[in-house]
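A.B. asks: Chain residues, written in single-letter form:
Number of protein chains: 2
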Amino acid sequence: MSAYSAPLRDMRFVMTELAGLAEVEQLPGCEEVSDDLVDAILDEAAKFAGSVLAPLNWTGDQAGAKWQDGQVTTAPGWKEAYRQFSEAGWPAIACDPDFGGQGLPKLLSTAVMEMWKSANMAFSLCPMLTTGAIEALMLRGSDEQKAIYLPKMVSGEWTGTMNLTEPQAGSDLAAVRTKAEPQGDGTYRIFGQKIFITYGEHDLTDNIVHLVLARLPDAPEGVKGISLFVVPKFMVNEDGSLGERNDVHCVSIEHKLGIHASPTCVLAFGDNGGAIGTLIGEPNRGLEYMFIMMNEARFAVGMEGLALSERAYQHALQYAKDRVQGTDAGVRGGPKVSIIHHADVRRMLMSMKSQTEAMRALAYVVGAATDKAHHHPDASERERAQAFVDLMIPVVKGWSTENSIEVTSTGVQVHGGMGFIEETGAAQHFRDARITTIYEGTTAIQANDLLGRKIYRDKGATVSAVLAQMKAVAGDARATGDAPFVAIANSLEQGVKAVEEAVAYILATYGEDIKAASVGSVPFLKLLGIVSGGWQMARAALVSRARLAEGGGDESFYEAKIVTARFYADHVLSAASGLAYAVVNGAAGALDLNEEQF
Amino acid sequence: MSAYSAPLRDMRFVMTELAGLAEVEQLPGCEEVSDDLVDAILDEAAKFAGSVLAPLNWTGDQAGAKWQDGQVTTAPGWKEAYRQFSEAGWPAIACDPDFGGQGLPKLLSTAVMEMWKSANMAFSLCPMLTTGAIEALMLRGSDEQKAIYLPKMVSGEWTGTMNLTEPQAGSDLAAVRTKAEPQGDGTYRIFGQKIFITYGEHDLTDNIVHLVLARLPDAPEGVKGISLFVVPKFMVNEDGSLGERNDVHCVSIEHKLGIHASPTCVLAFGDNGGAIGTLIGEPNRGLEYMFIMMNEARFAVGMEGLALSERAYQHALQYAKDRVQGTDAGVRGGPKVSIIHHADVRRMLMSMKSQTEAMRALAYVVGAATDKAHHHPDASERERAQAFVDLMIPVVKGWSTENSIEVTSTGVQVHGGMGFIEETGAAQHFRDARITTIYEGTTAIQANDLLGRKIYRDKGATVSAVLAQMKAVAGDARATGDAPFVAIANSLEQGVKAVEEAVAYILATYGEDIKAASVGSVPFLKLLGIVSGGWQMARAALVSRARLAEGGGDESFYEAKIVTARFYADHVLSAASGLAYAVVNGAAGALDLNEEQF
Chain L
1 MSAYSAPLRD MRFVMTELAG LAEVEQLPGC EEVSDDLVDA ILDEAAKFAG SVLAPLNWTG
61 DQAGAKWQDG QVTTAPGWKE AYRQFSEAGW PAIACDPDFG GQGLPKLLST AVMEMWKSAN
121 MAFSLCPMLT TGAIEALMLR GSDEQKAIYL PKMVSGEWTG TMNLTEPQAG SDLAAVRTKA
181 EPQGDGTYRI FGQKIFITYG EHDLTDNIVH LVLARLPDAP EGVKGISLFV VPKFMVNEDG
241 SLGERNDVHC VSIEHKLGIH ASPTCVLAFG DNGGAIGTLI GEPNRGLEYM FIMMNEARFA
301 VGMEGLALSE RAYQHALQYA KDRVQGTDAG VRGGPKVSII HHADVRRMLM SMKSQTEAMR
361 ALAYVVGAAT DKAHHHPDAS ERERAQAFVD LMIPVVKGWS TENSIEVTST GVQVHGGMGF
421 IEETGAAQHF RDARITTIYE GTTAIQANDL LGRKIYRDKG ATVSAVLAQM KAVAGDARAT
481 GDAPFVAIAN SLEQGVKAVE EAVAYILATY GEDIKAASVG SVPFLKLLGI VSGGWQMARA
541 ALVSRARLAE GGGDESFYEA KIVTARFYAD HVLSAASGLA YAVVNGAAGA LDLNEEQF
Chain Z
1 MSAYSAPLRD MRFVMTELAG LAEVEQLPGC EEVSDDLVDA ILDEAAKFAG SVLAPLNWTG
61 DQAGAKWQDG QVTTAPGWKE AYRQFSEAGW PAIACDPDFG GQGLPKLLST AVMEMWKSAN
121 MAFSLCPMLT TGAIEALMLR GSDEQKAIYL PKMVSGEWTG TMNLTEPQAG SDLAAVRTKA
181 EPQGDGTYRI FGQKIFITYG EHDLTDNIVH LVLARLPDAP EGVKGISLFV VPKFMVNEDG
241 SLGERNDVHC VSIEHKLGIH ASPTCVLAFG DNGGAIGTLI GEPNRGLEYM FIMMNEARFA
301 VGMEGLALSE RAYQHALQYA KDRVQGTDAG VRGGPKVSII HHADVRRMLM SMKSQTEAMR
361 ALAYVVGAAT DKAHHHPDAS ERERAQAFVD LMIPVVKGWS TENSIEVTST GVQVHGGMGF
421 IEETGAAQHF RDARITTIYE GTTAIQANDL LGRKIYRDKG ATVSAVLAQM KAVAGDARAT
481 GDAPFVAIAN SLEQGVKAVE EAVAYILATY GEDIKAASVG SVPFLKLLGI VSGGWQMARA
541 ALVSRARLAE GGGDESFYEA KIVTARFYAD HVLSAASGLA YAVVNGAAGA LDLNEEQF
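As they're listed, the protein sequences go chains L and Z. Just so we're aligned, residue 1 is where the first sequence starts under the UniProt record's numbering, counting upward by one. Just so we're aligned, residue 1 is where the second sequence starts under the UniProt record's numbering, counting upward by one.
Isolated chain L, as found in the complex (with noise of 0.2 Å):
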């Protein structure tokens, strides 16, 4: 059990320092975001998230998500809080005004939803798939299917789900089988079996609406043929009240390794006639609308990784604050003191900081560049911005997600014994971890998607542009002279070059030789997402150390960002070049060996 701080103070220095709040602010459809507005937005999500979700954490992890008799209880305080939740408007933040949400824009709506997957991973999911299928059905929704679904899902009021898996189709999604026949109204009746439904069955609210793949008769094979459609657990009478049971059910949920609240389930349709539905959009064209909403998704499980670094790093900091056990280094027979005294506490701690500072400003640049992406009003800005968001969006997903679990597992090292013992809440942290990394897929598909898509498509256009700007802040530290900046320099250029190794290798081997080249993607993905949360924290410093000349105050704050780019440099950044080889000369031994050989 451990409490939770929203970290403002960093959230509010990468968003105006690193992000460029104020740049956002002026973005046409932004207009009405001022910085009053957003600090009023922090404040009161920080108080929700702290108040009203954290301490519901660990109970949630404890009482589980219970299924009976198709029927699924959420955790004791699961309802009211979600009550809450919707009352106060959080589902709507980044919603479409059409539909009553509120259209704030993507940055401000990333350092809340990091709020909330901080205080609580498991309830957060509910309305991130929710916002998902909103998502959707804005996107390629028909006006009727918007006028029904989209008010009561913005408002809270319903749920949303994704139904995607199915036993033999996980990352492989064209073997999705789940079949939708039409019945000449209009409507089609679904066949099949979906698991690892994310919130696919909950009491929270009276009616949940599925979004479905599944494959119409005359769908041609693989990927090309399936569709979407959306299948409510009630059907909607014309007047919006609820009408019959649809028939959709929930058969069980999982017992898995963490977000014991959330409840994970095993989504029957069709054993009873069929369960009702409507076409999203155009006949075989799903998985392409799927793909739409993709970087959002991926996006939000990366800020998983993220959230729970930093309440990893909030509980372990506690503990050594408060745990007291031997004496200072060297000083034999002295005082008794606080464990973060000892070097490698503090070493851990900073692995810990560094890393969750580094991937909030990653996360948040990226977030930003969003919004200009959607809203710039110059188009060779907004295609420059989607670029890097497209660049950075497996990024962030896989190496905020791969990191998380390292960071939690560091947080369950710094509580010792006490780590592994379930009622210190530690352990939780590291088992919801586990998940970030496979879900929305994994860290193999987000690295494929780096490879092909983002780095060999445009001859690694995108990512030598990144990589200018990287050696420009390289230079500027340089330049300073200070012997931190010296050393964040050191190891921000050895990356730079480590990367530039490793994209000639990939450009010259991923036509040739795709197995070659896919051998060294996940070791790619980490070494890009190592260099850019050293990029970004090389800015912090650099913005730090002109804050600290202009005199303004808070000079603690600037210098604490100082040494921790300097600790990400020599600490993180520094397994650059090792990574850089892998991906280099790492195909044969990967490769060379038999199945038998095993």
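Some hints here could point you the wrong way.
Given that identical chains are not distinguished, each listed pair holds provided it fits within a single copy or across any two copies.
What the hints assert, rightly or not - List of simulated lysine to aspartate or glutamate pairs, EDC-like, C-alpha gap at most 20 Å:
(1) K179 / E221
(2) K336 / D143
(3) K321 / D172
(4) K336 / D172
(5) K515 / D328
Quick caveat, the hints were computed from the structure, so don't treat them as lab data.
Following the hints, position chain Z against chain L.
C.D. replies: Coordinates of chain Z only, in the frame set by chain L:
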């Protein structure tokens, strides 16, 4: 749930070709050990591990140990398995023949221990702790104590425990407060509470022999005032029969992240007048005695890292061969393939396989060196072997266990979404592994020992001698001119250089600024582990090359070993330089923040 099949081929290869089984068989005291005996024992142990212990691993995890009214009930099947384990004579294999043991060499008992731990780590902890208690009594017990306790502990009729930790005394044993009051009749009454006592109470045997750290009334403060006592659960009559229940009781067991079937007990001594015990050895030397056994215990926990990695690898490999998902890379519309065909799954499996084999090689080599250190006729050989063992114990412990978190996590990842579902069983290995970097001294404690007592104390002499051997191996690899061997030589040479740089920094810094040196202690431990593993894999590759040249069969195994060594060099050993960089440059970033700046 997964099957376990002992990796006998690799175990025999490592014992014979890398650890020098033939030499061990020639040592005084080991004359009765023959290749035939070794083969027979390995085969029997493999059978027992695979058929009796392994099937209980997952069911034991799910059922857990249960506490009620001071009694602990082990998981279903545990009692019967323990009975068979004892009847087969397994507790005795490494024990002194004078007390019913078989006195087999450490190298052999190491391989057998690996099997117990792979098959069922939670079960294996009971005999492991008993072995520790036997060692202590053997080394420092009185003849009377030995006569009372040892035969029944060696036979498995009674088990043993180690009672060190108290709520305020974890890593810092100087803070132990449990008291021992002399009764004037050679016995003592013990008062205090001990926590984290593995198998401190259970239903497997009639009696439990607790070894307990406590303070005599006149004891000096700190570590030099701690004595060691033996405190049986039931007093033992002169005829060996059980007498009165002693005043030591299990007041609760912990709710843990993993090893659910291993009861972790809170033991209350003396709540009803005092638990009666006798002093082991001399007063105030308890911690010193513990340290004698520490090498043994730390080595054993290091083996857990290896063993869980092996189990997780077998589990993931089976899934990767069975699970069909997607088509071969670059083949659109081709037949669906098992996921072992995908490049990143291969990379993950090779990373698990290569690290597991490297850990095994290093551990067995250290096991054989332990035999030499005990039995070699030449004193200078014994001394050299002991110095090597002392250097490598913290590495085997710290590196193997840290690796096991990564390897078992990769095992979960190979399973995709199924890895997060508890029924799959992959998550259990990951949960179980998480304790190994904590108990018997956290990784930081191992790393402190490595820096202070193993590197700085002899001014790097022992590590330099080992590095010289590594360089010779790298030279042999390079001299072959074969591409995989040149790749291995490149990485190994870089690795040796990295260790040398780090050692130079440590020697220059440790005496002057122990905190600055200590920031690098864990990265250094990992570095030395990675490079030592690479050294052993290079040796394995060279032996395999020679065997292939001889043409005596088993080509597939030897070819796989060379490929695996190469993978390790490219993907694992390549991290060495980055770690050395953190050791040499990482102090300022880690130490410069005030406590308030975190």
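A.B. asks: How would you label the pair K321, D172 (within, between, both, or neither) given a Cα cut-off of 20 Å?
C.D. replies: between (47 Å within a copy, 16 Å between copies)
A.B. asks: If the cut is 20 Å between Cα atoms, do K515 and D328 qualify within a copy, between copies, both or neither?
C.D. replies: between (52 Å within a copy, 9 Å between copies)
A.B. asks: Have a look at K336 and D143 and pick one of within, between, both or neither, based on CA distance no larger than 20 Å.
C.D. replies: neither (69 Å within a copy, 39 Å between copies)
A.B. asks: Tell me, please, which holds for K179 and E221 at an alpha-carbon limit of 20 Å: within, between, both or neither?
C.D. replies: within (12 Å within a copy, 75 Å between copies)
A.B. asks: Is it within, between, both, or neither for K336 and D172, if the alpha carbons may be no more than 20 Å apart?
C.D. replies: between (56 Å within a copy, 10 Å between copies)
This entry does not satisfy hint 2, going by the numbered hints stated previously; all others are met.
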